[in-house]
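K.L.:
All chains, please: the whole structure from these sequences, using the hints.
One line per chain: the protein sequences are A and B, in this order.
Going by numbering that gives the first Met the number 0, 275 is the number at position 276 of the first sequence; the sequence numbering is gapless.
Going by numbering that gives the first Met the number 0, 160 is the number at position 161 of the second sequence; the sequence numbering is gapless.
No lab work stands behind these hints, which were simulated from the structure alone.
From a predicted model like this one, the values you see are computed outputs, not experimental measurements.
Please note that the accuracy of each hint is not assured.
To be verified - For lysine-lysine, the following DSSO-like pairs were computed, each having C-alpha atoms within a straight-line distance of at most 30 angstroms: (1) B:319 with A:78; (2) A:299 with A:288; (3) A:319 with B:78; (4) B:24 with A:114.
These are the residues of each chain, in order.
2 protein chains.
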Amino acid sequence: MENLLQITSSEATIRINGIKSLMQKIDLDAVLISDNANKFYVSGRVYNGYAYITANGNAIHFIRRPVELSGDNVEYIHKPENITEILRSKGISLPSSLGLELDLAPYSVVQRIAKIFPDTKIVNASGIMRQARSIKSEYEIELLKLSGIKHAQSYSQIRDIYTPNMTDLEFQVEIERISRLNGCLGQFRISGDSMEIYMGNVICGDNADNPSPYDFAMGGAGIHPSLPVGCNGTKIKPNMAIMVDVNGNYTGYTTDMSRVFSVGSLDELSIKAHKCSCHICQELSAMGKPGIEAKALYDKAIEIVTENELGHIFMGHRQKAGFIGHGVGIEINESPVIAPRSRDILAIGNVIALEPKFVIPGIGAVGIENTYIVTPNGMECITLAPEEIISLD
Amino acid sequence: MENLLQITSSEATIRINGIKSLMQKIDLDAVLISDNANKFYVSGRVYNGYAYITANGNAIHFIRRPVELSGDNVEYIHKPENITEILRSKGISLPSSLGLELDLAPYSVVQRIAKIFPDTKIVNASGIMRQARSIKSEYEIELLKLSGIKHAQSYSQIRDIYTPNMTDLEFQVEIERISRLNGCLGQFRISGDSMEIYMGNVICGDNADNPSPYDFAMGGAGIHPSLPVGCNGTKIKPNMAIMVDVNGNYTGYTTDMSRVFSVGSLDELSIKAHKCSCHICQELSAMGKPGIEAKALYDKAIEIVTENELGHIFMGHRQKAGFIGHGVGIEINESPVIAPRSRDILAIGNVIALEPKFVIPGIGAVGIENTYIVTPNGMECITLAPEEIISLD
Numbered sequence: 000m001e002n003l004l005q006i007t008s009s010e011a012t013i014r015i016n017g018i019k020s021l022m023q024k025i026d027l028d029a030v031l032i033s034d035n036a037n038k039f040y041v042s043g044r045v046y047n048g049y050a051y052i053t054a055n056g057n058a059i060h061f062i063r064r065p066v067e068l069s070g071d072n073v074e075y076i077h078k079p080e081n082i083t084e085i086l087r088s089k090g091i092s093l094p095s096s097l098g099l100e101l102d103l104a105p106y107s108v109v110q111r112i113a114k115i116f117p118d119t120k121i122v123n124a125s126g127i128m129r130q131a132r133s134i135k136s137e138y139e140i141e142l143l144k145l146s147g148i149k150h151a152q153s154y155s156q157i158r159d160i161y162t163p164n165m166t167d168l169e170f171q172v173e174i175e176r177i178s179r180l181n182g183c184l185g186q187f188r189i190s191g192d193s194m195e196i197y198m199g200n201v202i203c204g205d206n207a208d209n210p211s212p213y214d215f216a217m218g219g220a221g222i223h224p225s226l227p228v229g230c231n232g233t234k235i236k237p238n239m240a241i242m243v244d245v246n247g248n249y250t251g252y253t254t255d256m257s258r259v260f261s262v263g264s265l266d267e268l269s270i271k272a273h274k275c276s277c278h279i280c281q282e283l284s285a286m287g288k289p290g291i292e293a294k295a296l297y298d299k300a301i302e303i304v305t306e307n308e309l310g311h312i313f314m315g316h317r318q319k320a321g322f323i324g325h326g327v328g329i330e331i332n333e334s335p336v337i338a339p340r341s342r343d344i345l346a347i348g349n350v351i352a353l354e355p356k357f358v359i360p361g362i363g364a365v366g367i368e369n370t371y372i373v374t375p376n377g378m379e380c381i382t383l384a385p386e387e388i389i390s391l392d
Numbered sequence: 000m001e002n003l004l005q006i007t008s009s010e011a012t013i014r015i016n017g018i019k020s021l022m023q024k025i026d027l028d029a030v031l032i033s034d035n036a037n038k039f040y041v042s043g044r045v046y047n048g049y050a051y052i053t054a055n056g057n058a059i060h061f062i063r064r065p066v067e068l069s070g071d072n073v074e075y076i077h078k079p080e081n082i083t084e085i086l087r088s089k090g091i092s093l094p095s096s097l098g099l100e101l102d103l104a105p106y107s108v109v110q111r112i113a114k115i116f117p118d119t120k121i122v123n124a125s126g127i128m129r130q131a132r133s134i135k136s137e138y139e140i141e142l143l144k145l146s147g148i149k150h151a152q153s154y155s156q157i158r159d160i161y162t163p164n165m166t167d168l169e170f171q172v173e174i175e176r177i178s179r180l181n182g183c184l185g186q187f188r189i190s191g192d193s194m195e196i197y198m199g200n201v202i203c204g205d206n207a208d209n210p211s212p213y214d215f216a217m218g219g220a221g222i223h224p225s226l227p228v229g230c231n232g233t234k235i236k237p238n239m240a241i242m243v244d245v246n247g248n249y250t251g252y253t254t255d256m257s258r259v260f261s262v263g264s265l266d267e268l269s270i271k272a273h274k275c276s277c278h279i280c281q282e283l284s285a286m287g288k289p290g291i292e293a294k295a296l297y298d299k300a301i302e303i304v305t306e307n308e309l310g311h312i313f314m315g316h317r318q319k320a321g322f323i324g325h326g327v328g329i330e331i332n333e334s335p336v337i338a339p340r341s342r343d344i345l346a347i348g349n350v351i352a353l354e355p356k357f358v359i360p361g362i363g364a365v366g367i368e369n370t371y372i373v374t375p376n377g378m379e380c381i382t383l384a385p386e387e388i389i390s391l392d
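P.N.:
Here it is, written out as structure tokens:
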């Protein structure tokens with residue numbers, strides 16, 4: 000028998016208490032969680048089933064699979080209808096208001112749950128879960144720091160695996176391999192269904208300017224129209240920029256980091272834009288203290304870019320991304336979002352990736368991406384790898 | 000300007016006509032598709048937006064990203080509300096009944112769409128799309144055959160990459176690498192959110208008996224509780240069975256294939272069970288003609304297993320899977336499902352993976368998995384690789 004909880008009970012309590020205090024603000028009696036990332040958050044593991052959290056901070060795990068888990072408040076079910084049967088049999092009254100992940104759970108699933116709680120008001124709890132997860136605990140920050148260290152270790156091996164005449168795809172496959180051998184889990188967890196990616200992207204030359212359907216900062220045509228993003232088989236040649244933005248999920252928590260490589264040297268504009276990206280990261284990470292508005296960071300980046308007359312190539316060229324940074328953690332697209340109309344305000348414990356990037360037609364993408372922890376003194380970088388353009392010669 | 004359609008217009012017509020005839024059966028005026036796999040089905044590419052299909056077989060693609068696509072019936076939108084504005088401006092009357100993918104689309108998304116079609120009855124079109132996609136066109140079958148050929152090519156290299164004292168994870172990473180270099184797209188497309196996997200599984204020894212939360216035939220503990228499936232770092236040793244079940248997505252269409260490897264020889268029970276699996280695949284593929292009930296195939300497999308007194312280890316040991324086969328195509332979990340209570344009936348053009356597997360405690364998983372096309376004469380195997388247990392010595 001394996002214990003359900005894969006985090007300490009005190010860590011689970013910290014996380015549940017965070018959710019509880021947000022529930023109380025909107026008078027919610029209970030939430031019923033079905034999203035894998037949210038179940039991993041409250042239990043430290045993924046299981047098939049539902050986590051039921053009450054306003055007094057009690058968590059019951061209703062599990063379909065795997066078999067043979069033990070622990071407090073573990074209840075096995077065959078179907079969601081069993082949830083209310085078990086609650087009633089335990090003398091727990093059904094909630095007046097129940098939060099579900101309405102931004103994530105399919106319509107049919109929500110309808111089925113609503114039917115088994117017929118006298119209960121169903122409320123959207125997606126925002127609460129997003130907000131709770133945006134403030135990382137000390138333990139979560141340790142896991143993110145560990146991912147950052149391993150992520151940087153993998154990137155430090157990239158120079159050694161390049162061989163002349165590689166395509167961007169061949170280069171990416173070797174980076175995937177060393178990342179996996181260093182313990183990268185591979186899986187790229189993204190909230191929602193609209194974004195898809197396999198293990199990250201290596202983008203070089205003009206492929207950086209190919210627009211993609213996904214809301215990532217960088218595009219790329221991909222190698223197939225079923226997954227039109229990232230490397231497209233371009234032969235790596237001198238004077239091209241090669242941007243590496245590969246998965247940092249080593250601990251269930253993902254750091255996000257991009258670095259630029261080149262064979263031979265890049266032109267003046269690329270070097271200027273790359274330096275500008277490093278400068279933006281420095282300025283924003285110093286500014287990024289608790290209480291500052293996320294959009295103020297965005298505005299500052301635009302100010303620096305405009306001063307440098309680089310606006311036409313900032314965050315894309317043919318197609319532009321609408322943000323320069325985003326929360327990371329269990330998933331790659333968490334809160335806060337660093338975007339012009341973001342309402343997020345930075346708080347201690349936020350973990351944010353900043354990725355002010357530039358696309359230079361004919362050359363490729365330049366700029367850096369780092370992951371930072373918001374501390375009282377500003378943002379602390381946890382993806383510590385050399386930031387300059389790295390020569391592959 | 001790139002053309003939106005990445006399939007010929009006659010191929011698109013074949014697919015749209017399949018959907019249209021299912022729509023007519025339930026009196027549906029239109030469907031609005033947002034799922035990436037379904038958009039890929041109707042257009043041959045993934046884009047961010049919606050495909051709108053009318054009962055007379057007209058398809059309009061409402062696109063948010065990527066920019067710069069051209070083609071008939073391509074309309075750019077910023078938000079879903081633009082869809083009805085554009086329909087009205089083109090003089091197209093809004094539908095009386097509209098099908099949405101209610102089993103897949105989040106509750107909030109469905110609510111928002113329903114609001115912009117205020118006088119329209121919303122109907123669940125998930126089943127229609129599943130059914131349409133379960134009958135593959137000739138072109139789709141060609142793509143599946145091509146995936147099968149490349150899949151088998153990758154598997155033929157597996158023997159050469161094994162080195163003594165590898166762990167299951169190290170072995171898997173090298174299999175991932177050769178698969179990717181052979182053109183595997185990596186992405187494992189699964190309908191719905193509850194199943195997650197990274198590029199497939201290599202499972203050896205007792206890890207085969209570790210139950211997973213996902214509804215896959217084989218479990219495995221995985222290397223992390225955030226993705227508890229597959230290899231777990233077990234050192235490969237003599238007399239263990241090593242089952243390889245790695246991604247066959249080479250064309251946007253996925254073949255599913257498993258093979259067993261061993262160092263040294265396996266015990267009598269494992270060899271008997273493996274032969275039984277091969278025998279089941281032979282019997283079922285001969286039986287699998289158009290018109291036969293999917294559950295009859297399941298029953299036949301159970302009959303053979305029972306005759307051989309292998310029921311206690313069939314489809315798992317501590318935890319059992321409830322099916323022995325499933326449709327494959329753009330996603331790995333399509334219709335029909337070969338399960339005891341399946342209502343599916345086999346039809347020409349179905350593509351089905353059969354995976355009668357056994358878990359032998361102390362040894363590992365044995366058995367084979369192949370992908371088959373349903374033809375008038377039975378099921379034709381398209382994953383043509385040696386089926387016996389392959390020695391790594």
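K.L.:
Need the list of violated hint numbers for this structure, in ascending order.
P.N.:
none
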